[in-house]
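Protein sequence lines correspond, in order, to chains E and V. Per my numbering, the first sequence starts with residue 81, numbered consecutively. Per my numbering, the second sequence starts with residue 165, numbered consecutively.
Hint data in this document are derived by calculation from the structure and do not stem from the laboratory. Honestly, I wouldn't trust all of these hints.
As the list claims (entries may be wrong) - Heads up, simulated DMTMM-like pairs for lysine to aspartate or glutamate below, C-alpha to C-alpha not over 25 Å straight-line: (1) E:Lys163 - E:Glu83; (2) E:Lys122 - V:Asp248; (3) V:Lys206 - E:Glu83; (4) E:Lys122 - V:Asp213; (5) E:Lys137 - E:Glu176; (6) E:Lys137 - E:Glu83; (7) V:Lys206 - E:Glu165; (8) V:Lys206 - E:Glu148; (9) V:Lys263 - E:Asp142; (10) E:Lys163 - E:Asp143; (11) E:Lys122 - E:Asp142; (12) E:Lys122 - E:Glu165; (13) V:Lys263 - E:Glu176; (14) V:Lys263 - E:Glu139; (15) V:Lys263 - E:Glu165; (16) V:Lys206 - E:Asp143.
Claimed, not checked - Cβ-to-Cβ under 10 Å is the rule here; a few derived chain V residues that face chain E: (17) Tyr200; (18) Gly205; (19) Gly223; (20) Asn262; (21) Leu264; (22) Phe266; (23) Gly269.
Note that CB positions come from ideal geometry on N, CA and C, so glycine has one too.
What follows is each chain in one-letter form.
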Amino acid sequence: EPEVTQTPSHQVTQMGQEVILRCVPISNHLYFYWYRQILGQKVEFLVSFYNNEISEKSEIFDDQFSVERPDGSNFTLKIRSTKLEDSAMYFCASSEAFVGEQFFGPGTRLTVL
Amino acid sequence: GESVGLHLPTLSVQEGDNSIINCAYSNSASDYFIWYKQESGKGPQFIIDIRSNMDKRQGQRVTVLLNKTVKHLSLQIAATQPGDSAVYFCAEIMEYGNKLVFGAGTILRVKS
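Pulled out of the complex, with its shape left as it was, chain E reads as follows:
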């Protein structure tokens, strides 16, 4: 069964450093998303992406965040200068349709020290 994959599973970084979180969505999906989940809290939407453009972004997704689809398979989330409060699980998701089941990856746990 096709699945969304994410690397790394755990990333530890120093405050102020740049991190890139990587995702490989399901191959025939067209819509891609990043969500995050701070420990013990609910999953929050960050950004949606379609046709090489951001479709929608949340207030969390400020100028420190960017997304990219550098090739036909990868989808990345970059945080330029990490803050302590960026520590969270980051989930990538993809969907075949604009509105429909979103398949989630296993997540990357980001720890900012």
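Model the placement of chain V on the given structure of chain E, informed by the hints.
Coordinates of chain V only, in the frame set by chain E:
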């Protein structure tokens, strides 16, 4: 702002019993709802979805009920098993959009 919320943070049931997990939503413009299951250390896993033009949808051992009048969503799990133990989230998508807005989550504990 409008959000999805849950009534019960923790639900404990005996193995074999039926479970009902509830969710209240406040956004009347939402037209698509999904229930996700999240096990420890894993990403949300799709369970079942329902569109606003329906009031009931059944899957394997699961049923989702939607009451638009009172803006209430429920997930029924029949013959609950230990493997059903997880956190369950309801999520909604508003009309014309495709971002998921998640509720706070309910912990389901199944006692053997």
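Quick rundown of the hints versus the structure:
1. E:Lys163 - E:Glu83: violated, 30 Å
2. E:Lys122 - V:Asp248: holds, 19 Å
3. V:Lys206 - E:Glu83: Roughly 13 Å separates the two Cα atoms, so the pair holds.
4. E:Lys122 - V:Asp213: Roughly 19 Å separates the two Cα atoms, so the pair holds.
5. E:Lys137 - E:Glu176: holds, 19 Å
6. E:Lys137 - E:Glu83: holds, 24 Å
7. V:Lys206 - E:Glu165: With Cα atoms ~21 Å apart, Lys206 of chain V and Glu165 of chain E stay inside 25 Å; holds.
8. V:Lys206 - E:Glu148: Judged against 25 Å, a Cα distance of about 24 Å means the pair holds.
9. V:Lys263 - E:Asp142: Measuring from Cα to Cα gives roughly 17 Å; hence the hint holds.
10. E:Lys163 - E:Asp143: Holds, at about 13 Å.
11. E:Lys122 - E:Asp142: Judged against 25 Å, a Cα distance of about 20 Å means the pair holds.
12. E:Lys122 - E:Glu165: Satisfied, since the Cα-Cα distance of roughly 15 Å is no more than 25 Å.
13. V:Lys263 - E:Glu176: holds, 14 Å
14. V:Lys263 - E:Glu139: OK: Lys263 of chain V and Glu139 of chain E at ~13 Å, within 25 Å.
15. V:Lys263 - E:Glu165: holds, 22 Å
16. V:Lys206 - E:Asp143: violated, 28 Å
17. Tyr200: holds, 8 Å
18. Gly205: holds, 8 Å
19. Gly223: With a closest approach of 12 Å, the Gly223 of chain V hint is violated.
20. Asn262: Because about 5 Å separates Asn262 of chain V from the closest Cβ in chain E, which is inside the 10 Å limit, the hint holds.
21. Leu264: holds, 6 Å
22. Phe266: holds, 4 Å
23. Gly269: holds, 6 Å
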